[in-house]
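Visitor: Protein chains in written order, with the numbering used here: chain A, 150 to 618; chain B, 118 to 339.
Careful: at least some of the hints might be erroneous.
As the list claims (entries may be wrong) - Partner residues are not named here, just some residues of chain B that face chain A (Cβ under 10 Å, in silico): (1) D128; (2) D130; (3) D164; (4) V212; (5) A216; (6) V228; (7) N230; (8) N251; (9) I266; (10) W270; (11) C327; (12) S328.
Hints were generated in silico from the structure; no laboratory data involved.
For glycine and all other residues, C-beta sits at the position ideal for the given N, C-alpha and C.
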Amino acid sequence: MARTKNSTFSGTPIRDTDVDAPTWTRVLREVQSDLAMIFDRVTGENSETTTINHGGTDGRGALLGMPIVNQGLFRNWSAASFASGGSKNGASGITYLVITPILWVAGEPTLRVEIDLAGVDGYSPRAVLLSSSTGSEVDSADLEDVGVQHGDVQTIGATLSLGSVPSSAALYILAVEVDTTFARVRDRRALAWRAFHPRGLFASVGANAAQRASSASAMSTTVPTPGAAQGLAFSDIDAARFADLLPVDGGLLTKINRNALALEEYLTGWPAGANTTYTHVDHDGSGVADDTDPARSRFLAHTRSLYASEPLPTIPIIAHALGPILADGYRVEDGANGLVDWYAPYSLTTAGTSLRNYTAHRVYLPDLPLSSSTSRLKWAALVALHPSSSTAITTWSARYTTASDSDTQAFTALLGSTQLAIVTGGGTAGELYGGPDTVERHSIGLVCSTTPTDGDISLLGFCLWYEGT
Amino acid sequence: MRLIGEWRHLDDDAFKAHSPALSDVIRSLAGRARQLYELATGHVPDDERTTARNPQGRVGVDLSGPPWGSAMRHPIAWMGDRDEGSTGVQQVAPVITLAAGASTTIGPWRVWNRPHARPQGGSAVAPYSRGFLNVEAKRTSGSSTSDMIVTAWEEGDQGRARSEPFTLADSSSIQSVDVGASGAWIPLSSGWTTIFMRIENNSPNSVAICSIVINQIAKRSH
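Isolated chain A (complex conformation):
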């Protein structure tokens, strides 16, 4: 069969749909060809390469706008003289209150950063974006009052920019920086911080199942039921069927109509046409019905459960900062004056070369492909090596642990002239991912190949993302 399909969208001129316009078979051919192209782009079938991966290129799907950071802090911070007491503490100065690696996705030129702080006046708060390869500053902006206040805690924000629209996702280091040079001991609250690609909010109204049922009409709009191996029941049509002078019969029109209805339900996630209930369910009909089963997804969800070449987006999942540190790598923990209840955790001698676990979260992962050859969970960890550390950065490794797996990666070098080091891991087929539709415990830790001294290294933050093809 010479399957009719367009490589680019053709569309139908309005004049060809007017009353009294001739019914050309070419018009129907172009409609079916456009529908076939849409099917290929969302499923990856028929060797389609311009697939819907939400990657920012025009025509490859809407950007997803996933939040990058949504972290509660609920800590006290103070601009104290950190040098008094405690080993490896530093003098006051440029201090990263929060700092973490983040994944900046393709197609997004700007990032909005906000933090809720009390008592920040006089400390020149800035949002800073650093290169993950050199540690140098990519962009920075003063954090300004956005007009939201809770008690003495004000929300301050700024927008960072890459200067151009990135064509691929990349790792960066994001920080909120204050200048604690004018030191005074005064505990103030830090409530939360956020980072997200800015959007305008557009009110969009859907309908729940009860509202759909109440709006039922007498019109019949039949969505064909997908087979066991289909995400949607889409019928190809031979181009010869649209030859000039051939009759246009009801079978042809019905097939095209049902293709459109199948795509509608698959794309929108909503019953198609005038239907009040779904035809598509995430289930193949055998065993217990489970509408949420990601293993049989019959909606656009990028699971590759039914289409082996289905496009996969790149999705940031979590980015978490572990506490403040001075920009020169000195610590801010100080029993007398420093940030006694909030500082980047640091290594101790006690455990020698044992794993040091730092934090853990229970996260619900996106419905990732089940095939072990395509799971691509990736992570990154950021540390600061103390300038007078007894251990070299190359003796340290970061370990990311999930309920089902772990991955250890060694640090190789400091970033440029900074005391920062970053390492990435994951990306191996089947690694770290225990399966869909489940909550997993994820934790980050450090290991040293030689016994350190107290405060040699501080873990600053980590992030997790899913990297599509």
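With chain A held as given, fit chain B onto it using these hints.
Guide: Then chain B, alone, in the frame of chain A:
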């Protein structure tokens, strides 16, 4: 606008043999094809958009929940700094510690939730309109089980979600509790949303809360 783009459905009978060959038939097929193209690709093929803007104010399905696609499931917000299994590390104390019989309120916690479509009126059923709690906690003293209750609400008190009591069995390890699984969820707005939580320790033991994650878990509806 040069190319037809309409969201007009017709009854199945309109496409059958012996039905009148009305222009509506072509108009419906061609118009919907154009709209499906915009929804799938986010691209406008001529000079005028024919589909509605998605909740982010842009074009195309963004997987934020119907009618903008099956929603993705992932963490929305998170907090917590300590893995109670740590050794050889100097860490700050857990964010929340509760003495026996004590309670605490956390918030305001300002969060950026993904913009999403919501039904007009009625309770929150759309994906992203509810956040489900997953908590890591540990009994730090005492010997009996620890009964905890978490209550969460959105600023403005649009409805409080209160969990059933959950227990921490022992002090030898982290206890992970999916509080939301029992039916408790936080109502979340589209875009900025401010959350409060109250955690009650109704036990004779001291408790440390190590991590709280708010997850989005619905694909098409709650």
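Visitor: Run every hint past the structure and note whether it holds.
Guide: Here is how each hint holds up against the structure:
no. : hint : in the structure
1   : D128 : holds (5 Å)
2   : D130 : holds (7 Å)
3   : D164 : violated (12 Å)
4   : V212 : holds (5 Å)
5   : A216 : violated (17 Å)
6   : V228 : holds (5 Å)
7   : N230 : holds (8 Å)
8   : N251 : holds (4 Å)
9   : I266 : violated (18 Å)
10  : W270 : violated (15 Å)
11  : C327 : holds (7 Å)
12  : S328 : holds (5 Å)
Checked against the numbered hints above, the structure violates hints 3, 5, 9, 10; every other hint is satisfied.
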